[in-house]
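Enquirer: One line per chain: the protein sequences are A and B, in this order.
Residue numbers for the first sequence follow full-length UniProt numbering, so the first one is 1 and each next one is one higher.
Residue numbers for the second sequence follow full-length UniProt numbering, so the first one is 1 and each next one is one higher.
Because the hints were derived from the structure by calculation, they are not lab data.
Check before you lean on any hint, since a few could be wrong.
[Claimed, not checked] Where chain A lies over chain B, by a calculated footprint (3+ residues, C-beta under 8 Å):
id	region
1	33-40
2	106-120
[What the hints assert, rightly or not] Taking lysine-lysine pairs in the BS3-like style, the calculated list, with each CA pair at most 27 Å apart, reads:
id	chain 1	residue 1	chain 2	residue 2
3	A	K907	A	K1062
4	B	K128	A	K1123
5	A	K1129	B	K72
Where a beta carbon is used, it is the ideal one built from N, C-alpha and C, also for glycine.
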Amino acid sequence: MADPTQWVKHVELYVNSSSTAAQQEASVDAIANLLKNDLLTLEALVREMEMYLTTTDSIIRSRGILLLAELLTQLRSKRLNDASIESLIGFFTERLADWKALRGAIVGCLSLLRRKSHVGVVTDDKVKAVVQSYLQNLQVQSLGQHDRKLCFQLMECLLDRYPAAVRDLGDNLIYGICEAIDGERDPQCLMLSFRIVEILAGLFPGPSGPLADFAGDLFGILGCYFPIHFTHPKEEDVDVKREELSRALMLTYASTPLFAPFSIPLLLEKLSSSLPLTKVESFKYLSYCTSKYGVDRMAEHFETLWSSVKDATYVSPQTNLSTEVGFMSEMGFQDSDIMKQAFVLLQELVQQSNGSFISLILDDEDIKIFMNSLNQYEDFDNIPIDIRQRLHAVGRIISVCVNTSIASCNKVFESFFPLLMTYLGLSVAEPHENSCLAEDYNPPGRLNFGALYLCVEVLSACRYLVGSDELTPIPDFANQTWCVMLHNVSKSLATVFVSLLRSNVAENSQNAYICYGVKGLQNLAMFPGSLLAVSKSTYDSILLKLMSVVTSDINKTFLWTLAMNALVEIGSFLDKCPDSERLSSYESIVVEKIFSLISSDDLTMPVSLKLQAAFEIGATGINFMLRVVEGLDEAISATLSAVYAHGNRKSVEPTIKLLEYYSNKVLPWFHKSGGSEEIPLNFALSIWDKIENNRSFNLDSLENELLDATMMAMKQAVGSCSEGSQEKIINKALGVLLSSNCLEWMKSISGNTQSEVEGLQQIHKLDSFAIRDEWITSLIASIVIALCPQTYIQNGKFILQFFITTLLNGHVPSAQALGSLVNKLPLKITGTPLSKNLCLDEAVDMIFHSCIWTSYNGSTYERGSSEIDLSSLRLCSLSPESDKIHATIGLAWIGKGLLMRGHEKVKDITMTLLNCMISDGDRGSLPNSKHPSLVCNDEDLHHQLMKSAADAFHIIMSDSESCLNKRYHATIRPLYKQRFSNTVMPILSTLMLKYDSPSIRSMLCRAIAYVVSDTPLTAILSEAKKLIPLLLDCLSMMVEDITNKEIIYSVLLVISGILVDKNGQDAVAENAHSIVNQLIELTTYPHMMVIRETAVQCLVAVSELPHTRIYPLRTQVLRAMLKALDDPKWVVRQEAVRCRQAWASIASRSLHF
Amino acid sequence: MVSGLINANPIVYGKKDHRARTAPVQVDEYAAEPIDQQEIFDHIRDIKDPEHPYSLEDLKVITEDAIEVDDKKSRVRVTFTPTVEHCSMATVIGLCLRVKLIRCLPRRYKVDIRVAPGTHATEAAVNKQLNDKERLAAALENPNLVDMVDECLVPSYE
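Excised from the complex, chain A in its bound form (with noise of 0.2 Å):
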């Protein structure tokens, strides 16, 4: 047992009025912790408490009572014995009746009454009693905003949780809830008091109960509230949103047919307001009534029901005009909301009222007229706009009778549908051979635009009711009178439609018809076959009709599009709800005709109209896409071996087009529908197989741009393959290589160690292989780059070796696969070890031992074993430049491979790189027995590869789309980028340090640029005050050279976030002037605007640094922005606006004029 001292003082804290409100939770905390551990009794606490809860002073036994109240809330799943519930009840609902201490009684009698039955419940009698003393001693509108919404969680616990207790009291209960909630105005008691009355009217549900005679009270009090409307447009009560407490009274309004004979006029009188929410609201509340109250209570009001909603919809619509394109001259009507709304009333109505309601529109006069008027409109030019709104409305009514029920539907088709095809002039009929019209059917004058519109709409509602009906067991359609008429008449109508689509004015009035030409014909296509409203002929007909405007009229672009919508629509129906019949009529009219389209090389249509049409076709189901990529794969192999083996310059476009398509659209479809790999495996090794059968290229070296989109398709497929199947692929290609002359000249190099000066050079001599290798080893280096890492590649250290050799005559690919060689290589080799297999630590052995960068062993650098000794490289007058150049790529990229996987050995190329760029400085102590000219060829190329080397450091640093990424399975150690420039950066400010030499600073500052830009901002913001004054320098170094115009901007976009951000800004207050030199001065850099844009944009920021250390600067500030005021461009006027504004409001209000 707990020492009462020790406890005592929480109390007295908590009583006190003086203490704070943490100090007051901590104690009920310290005290119930106490109780939940069995370290104090309740009994005991009652019992010294005794003082605190009798006391006649108010405030401390209010507070005391709280006390307990909280303590018996916080023991919720504690369990208490009988005993003590009901003598704590007992006293609470007595202290309802103190109403100076009212909330600890109320938060007690919640917190017991809202107990779960195993920790203890209150007894049914004692529940009686609190409901007595609450209907007894509560005023609850007297009481302040907080008490009233306890009282209605109170009174709506005992509802809830004890209806039986709470039932006995009948009318008194009701009348003591009248009381209660009438003029109640706070939302989140609003709330609750809903929700009582909805409670309420469950517990009486009976016509003949005592809510009956309370109900017209009841409503009066909840009438008032309709509808919910904020006044202040601004909600303080955030939580509680208009939307939620419409519901809730919505919901209250519903939860008695009791109500019905106050609600329903009451509701269809707000329907006359002006205001728009509340005819909104008041066909919500409707609609929703209408489903709660069943058919017979809303039966009287179906005639003034049907009266609103047509004055909401026909006689006064509210649409607007749909501005998006291409609808301009169509029927694009958008409902507002009140329309929308109450079309959804119309729907329940007809749902609910089993025909009564229907054949109150089918009779209505005014509907009936309007059907008959519409021959006055034949031409959809001269219908007024307001015409149009009515058949829009019209259109919308009846498609809404039709979508409803099938007997609604029927009734509908019974008295109009015959109306409907004798303006377009067929007859419904029982047809008759001779009475169908002919193929090439041609309207006489204009068609009925009314009647066209109104039918393509019902064919729509048709097709949803058989479509979303999940009626089980699924009705019998066909003998459906709706059916049966439409039976009679699809096949005429399919020629009306046709007929549409074949008018060879392209006039913008034709579009409205051309539209519901389309459409109808897209509806008539996409009822299921079981149903035989439509046959297979007129099937088969509408497809061929819509194909053949999809293979001939290309010129009419509205007309095109339409068309391949509709073919696509029905496409996915077709996967949706598949039917033999239809799919084998899609597949021999549609896909058939689109896969001769792609596969022939008939030019009448443009290829990109003809892929897209393929791809949007394809992709409506798995099927159709597997034909359709067959036709590709065979036009991309028919359209290759043109051009490899006939050079047909004209193929080359449409090629790279379509393996742009199969790169870009094809593949990335197969992956995302989780596609067989099948697809791409195929691919990759037929564009092989055109390799290894075509022995000579008749190619032109300059169709670089059809190597590049067959090396893009080709990591794509690969990419998207399983290792199984990539190792098929990459054994072909290494068939092919092995075959090719490729293996002549490396042998020559691989094998013997003696005469590799010499094979340097005859490669070099060869000028470049022949194309056919180039092409092969371009997509040797792309499968590679796609690999995954758990491939096994045979014969690894040959592709090693080739792609180093290849690599040395400029070839960026090989560089990039030797980057992904080496990020995915196995550490190790499990299993049975190879000669030829090849492991990560072997491969970088043989690239950092390879002869060609170790060419002189006797070098000066003696830094370890393992290091590249690139430098020594300079000494071999054999070697040129140019060859270094290429070597310092390769590095980078290897490099770049190494780093993404966190490997050691990073560090060595890295010091190989840096010592490449600063070996300016010992140049001149070289001897050199060159001629002078050939001395200045020989520097130019030195500055090269000095910059090459520098970036190489953006080629480490940066994403590239082309390799070593999340697509092509590269290994990425988080946060590589952070750790490299973390070991990188202190070196590289070390050196520049060191150097004076304007050319070696230049390219430091180059690398340096480069590592900053790409550096996560967190990583560089805690490095904030040494890298400032290095940026700097960068910056006012890189400023002569316009070509450095991009790497400027971006150093200074990560001056600008050290800016904005405000540990940043800490590290920048001591730079900042020289800071703000550097910015004024990019102010007015000639070569790019955003430079300008952004320089003025961190100039404001700086604005935000303190007082003390800008103010000197004001001056300087101002008189740049008055030249930027003048800059050639408005973005940067604009930005120098705000920042004089900046800089002159931090000083004086004098600004000079």
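On the provided structure of chain A, position chain B as indicated by the hints.
Expert: Just chain B now, kept in the frame of chain A:
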């Protein structure tokens, strides 16, 4: 200063959307974009009316058409329309316009502010006052007036 509002209940017309400057896809880095009507209008549209919490655009005191610019000759003329004829705030509005434009335009510009003909009782006097250098300088030495102007200009910088 003024006991009651001069125009207690002005008509609020609402504002146009800020027209977004659409950059062409391939921008010529070196092509100049001369200062035009829209740019000037963007500078002054959000200036607050001295009396009401509405912008000058809201009240149609200024419109885009009432601005004449000649970038080559470095001239700009803004013609504004006071909401009521006897509006004593006309000079303050004119002052705001001038101060804002001086702050936003390059120094080479000559700014000319005028009341639209026939919209103000003492049109000539106001025009003279607004374009008189000496009086302008004097007005900006008056701290009360400068505070007032600065307050009106605050929304135009956002």
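Enquirer: For the region 33-40 of chain B, do at least 3 residues have a Cβ located nearer than 8 Å to some Cβ of chain A?
Expert: holds (count 3)
Enquirer: Measure nothing beyond the straight line between the CA atoms of K907 of chain A and K1062 of chain A; if it is 27 Å or shorter, mark the hint as holding.
Expert: violated (34 Å)
Enquirer: Sort out whether K72 of chain B lies within 27 Å of K1129 of chain A, counting only the CA atoms.
Expert: holds (15 Å)
Enquirer: Given the hinted pair K128 of chain B and K1123 of chain A, is their Cα-Cα distance within 27 Å?
Expert: The hint is violated at about 30 Å.
Enquirer: Quick check: the region 106-120 of chain B, covered by chain A? Criterion 3+ residues, Cβ under 8 Å.
Expert: Holds: 3 residues of the region 106-120 of chain B have a Cβ under 8 Å from chain A.
Going through the hint list in order, the structure does not satisfy hints 3, 4.
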